[in-house]
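Last residue of the sequence shown: 1551 (the numbering used here), numbering continuous.
Any given hint could turn out to be false.
What the hints assert, rightly or not - DSS-like mimics (lysine-lysine), calculated; alpha carbons at most 30 Å apart, straight line:
1) 1537 / 1478
2) 1476 / 1537
3) 1537 / 1454
4) 1476 / 1454
5) 1418 / 1454
Said to hold, decoys possible - Derived DEER-like restraints, expressed as beta-carbon distance ranges:
6) 1492 / 1435: 49 to 59 Å
7) 1538 / 1517: 37 to 47 Å
8) 1484 / 1454: 48 to 58 Å
9) 1531 / 1484: 12 to 22 Å
10) 1441 / 1536: 16 to 26 Å
It should be emphasised that the hints constitute simulated quantities derived from the structure, not laboratory data. We put the beta carbon where it would ideally sit given N, CA and C, even for glycine.
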Amino acid sequence: MKLKRRSVKRARIEIIPMIDTILILLIFYMSFSTFIKREKRIDAKLPSISTKVPPTRVPLDIVLHVKNKDHIIVNGAAAYDILSLRDAMMQLASIGQEATIVIEAEPDTSYQDVISALDACAQAHLMKVAFRPLGDNLASVQ
């Protein structure tokens, strides 16, 4: 018995629809690529107090003035680094003293140094922590 061989149809690539598809994708990506802006840093500034309105007075126990991680002034007198500040906050918490901590920072202080001071308070389990912005004239004096 003689079998007939089937003729094999060769696949044919249609190039016109492929060009149309590539052109539409090219237009799509070109139009949306101009709206993407890659952020390399956060452009955020700490708020400042206007000198026209007097600040409200809140009874505070401890004020941490952060200049950098190695120079934190506590209540305008003693200077600490991060490790000694953590130890001092743990001693304060161990005697059961209820304290309100206010963290203020220079305008050019890095956020990591401010967060390190906040972490020192958190490790000592001090929960009453607040942030206070510095006015422009206060930052230049201290």
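Hints, one by one, checked against the model:
{"no.": "1", "hint": "1537 / 1478", "in the structure": "holds, 21 Å"}
{"no.": "2", "hint": "1476 / 1537", "in the structure": "holds, 21 Å"}
{"no.": "3", "hint": "1537 / 1454", "in the structure": "holds, 24 Å"}
{"no.": "4", "hint": "1476 / 1454", "in the structure": "holds, 15 Å"}
{"no.": "5", "hint": "1418 / 1454", "in the structure": "violated, 69 Å"}
{"no.": "6", "hint": "1492 / 1435: 49 to 59 Å", "in the structure": "holds, 57 Å"}
{"no.": "7", "hint": "1538 / 1517: 37 to 47 Å", "in the structure": "violated, 22 Å"}
{"no.": "8", "hint": "1484 / 1454: 48 to 58 Å", "in the structure": "violated, 26 Å"}
{"no.": "9", "hint": "1531 / 1484: 12 to 22 Å", "in the structure": "holds, 20 Å"}
{"no.": "10", "hint": "1441 / 1536: 16 to 26 Å", "in the structure": "violated, 46 Å"}
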